[in-house]
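Asks: What follows is each chain in one-letter form.
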Amino acid sequence: MFSVKNITMIYDIEKENKMYALGGFDLELPDTGLIGFIGPSGSGKSTLMYCLSTLKKPTAGEILYNGKDIINIKNSERENLRRKEFGFVFQRHFLIPYMPAVDNVVIAMDENNAKARERAEGLLKELGLSGRELGKRPSKLSGGQRQRVAIARAMANRPSVLFADEPTAALDHENAFSVMKVLKEYSKKHLVLVITHDISILKDADQIIEMWDGMTGTVKGGEGN
Amino acid sequence: MSQKISAFYYIKNNKRRVSVLVISLAMFSIVTYVSMFLLSVTSETFEDILTETSRYIQYIQLDGDDLEYNYSDKQAAPEEVYNEAINKKYGEIKNPLINSKGVKDAFVVQTEYSYVTSLIGNYYVEIPMLNKTDMKIVLNHMGAVLDSGRLPEKAGEIVLDSMLIKNYGYKLGDRLSQNEDVKIVGIINCGFYFGCGLAGQGSIFYNPMICVLTDGTVRDLKDTINKNGVSLENSKFVDLKDGEIKLQDEIISSISSSTNIIFVGIMIVVATLVVIVSISYMRDRRSEWCLYTSIGYSRKAVYFSIIRELVFTFITAFLIAVVVVILLMKILDILLITGLGLQCEYFLSNTLNQILCVYIALFGILQIPVRVEIFKIKTIDAADDDI
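Chains as they are written, first to last, in our numbering: chain S, 5 to 229; chain V, 1302 to 1688.
Just chain S, same shape as in the assembly:
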């Protein structure tokens, strides 16, 4: 699905002390499966995910998605990819504070109708939110519940690729595993990329990629392989 060639990302490029977030490496990712990215802070995991998802443009290199370059594309094509092909779970949940949980999911959908609402409610329930919590604003939800709303929003349009940047960071172990179960299920027909510091949640991952100093290191098959 993704074919990454010599990807380089340099921050502060105009300064003397340049910071290499991605140091120029190649990577191939399959069409489906749960891929975990682990590594210390500053190793380039999030930067790689943002580049793959078109949120950031790498300094150099090539990213092919289904054989098509997605770095130098028109804005409308980029918007379409973000809308229909990719879903995001950010490190922070970034929910819209004034919207109830269910509306935070519906806003990401292609349509805003009863069917879309029903699906949003179904997703939230699947992720463990109760009926009462669907109508609550983010400020009235716990950190774990907010993160689950963010995951539901990312899955709203059934994206082909789901990017999850530390999706379980705010969850206790039990909730973390239940979320990972949902992601694993989703990965059977789609590609799910998960960044985490907690390798224990990647026990069902199909592949685990370690990153160090902007480079990919060991690529392991997870227990789910």
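Calculated directly from the structure, the hints in this document are not laboratory data.
The structure presented is a predicted model; accordingly, all values stated were derived computationally and were not measured.
Idealized CB from N, CA, C, for every residue including glycine.
Among the hints, erroneous ones may be present.
[Claimed, not checked] Looking from chain S toward chain V, a few residues come up when the C-beta cut is under 10 Å (computed):
#  : residue
1  : Y54
2  : K72
3  : I75
4  : N76
5  : S80
6  : F90
7  : F92
8  : R96
9  : L99
10 : I100
11 : I111
12 : N161
13 : R162
14 : S164
[Claimed, not checked] Per label pair, the in silico range of CB-to-CB distance:
#  : chain 1 : residue 1 : chain 2 : residue 2 : range
15 : S       : A64       : V       : V1612     : 42 to 48 Å
16 : S       : G135      : V       : L1637     : 31 to 37 Å
17 : V       : F1309     : S       : E178      : 33 to 39 Å
18 : V       : K1313     : S       : S134      : 54 to 60 Å
19 : S       : N79       : V       : D1585     : 22 to 28 Å
Take the given structure of chain S and dock chain V to it, following the hints.
Replies: Only chain V this time, still in chain S's reference frame:
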């Protein structure tokens, strides 16, 4: 993408915030329109006196030069000589005057005065005093219907329109405040600030004038009768043209400076308030808009969602203002304006246009912070630093 970002998401969930903007705009419209409405009471009332009444009844105040009468003679035989000169002149011009286009009848009358007091200032109204037959002709011409009391039967008795009665607070049997010898014996309804009465038969007319009844088409009486060979070069004509000039010079121009100050003052306060409130709202929502672009909405979609919110806010403010203004005008009309026998106009097209122009201008001004915020939109990861 097919889903638009609905303006109602924000409006529905931020009623308090949106209502601040709506109330600011609505208050501006309400205060402006009601202020102009109250000021219009003066102009509408005086317009009725100066132009509407003058369409049907006009006066010629004959000058000594046109009468070939020397004012210094007044010392010797003041009123008799003046009356004689007027009657002589009237005898000469009566036929061509009455046969002039648009003129229906004319009489020599004694004139009394009453005052109409508006919310700002006052203005006088001529009250012609005639003989019984001519008085009935004039009353009939002005469409007067006796409402209460009776028609004048003796010299010095008058009837006044109900608006004049209300305005001055007269009752039947009261004496005219400007002349204690004149008694109010009847109240008429004719829709004009008008009254007339009986002059003493054969007696001397004080302040005599020629009263001319017209069919509503005569604007410039001097020019009209001149075309029929009546030349009164030095006399004063109280006609529609004279009324229009007085209305413009004495009423509208003095009121318009007040209205402009009120309008500009309110506009500056409201524009500042609206812009400050809007900018603070927009700053608060930057991360929300960054999120939208990160999940696939275009900047254009975000921009139009803001525009829809603004349009909704402006239209709501306008509709609220319309309802409140109509209610306030109705209340003011019932409790104050009609009670004082004054005139008012509900539909002030100029004020409405000015308010709409301010709305459009504010909408335009708000495009600047909106555009700036749209330009600042980044994807959510980059916006993280700002949040």
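Asks: Can you verify the interface hint for F90(S): is its Cβ closer than 10 Å to any Cβ in chain V?
Replies: holds, 8 Å
Asks: Take the shortest C-beta to C-beta distance between I111(S) and chain V; is it under 10 Å?
Replies: Interface hint status for I111(S): holds (7 Å vs cutoff 10 Å).
Asks: Let me know if the C-beta of I100(S) comes in closer than 10 Å to any C-beta of chain V, holds or violated.
Replies: Status holds, d = 5 Å.
Asks: Mind checking the CB of R162(S) against every CB in chain V and telling me if the closest is under 10 Å?
Replies: violated, 14 Å
Asks: Does the hinted range 31 to 37 Å hold for G135(S) and L1637(V) at CB?
Replies: violated, 57 Å
Asks: When the nearest CB of chain V is found for I75(S), is that gap smaller than 10 Å?
Replies: Cβ of I75(S) sits 14 Å from chain V, so the hint is violated.
Asks: Are S164(S) and chain V close enough, Cβ to Cβ, to be under 10 Å, as the hint says?
Replies: violated, 13 Å
Asks: With chain V as the partner, please determine if Y54(S) meets the hint condition of a C-beta pair closer than 10 Å.
Replies: Status holds, d = 5 Å.
Asks: How does the Cβ-Cβ distance of K1313(V) and S134(S) compare with 54 to 60 Å: does it lie in that range?
Replies: Violated, at about 23 Å.
Asks: For the range 42 to 48 Å, tell me whether the beta carbons of A64(S) and V1612(V) fit it or not.
Replies: holds, 45 Å
Asks: Closer than 10 Å between Cβ atoms is the bar; does L99(S) clear it against chain V? Give me holds or violated.
Replies: Holds, about 8 Å.
Asks: Can the suggested window of 33 to 39 Å be confirmed for the beta-carbon pair F1309(V) and E178(S)?
Replies: Since F1309(V) and E178(S) have Cβ atoms about 38 Å apart, the given range 33 to 39 Å holds.
The earlier numbered hints that this structure contradicts are 2, 3, 4, 13, 14, 16 and 18.
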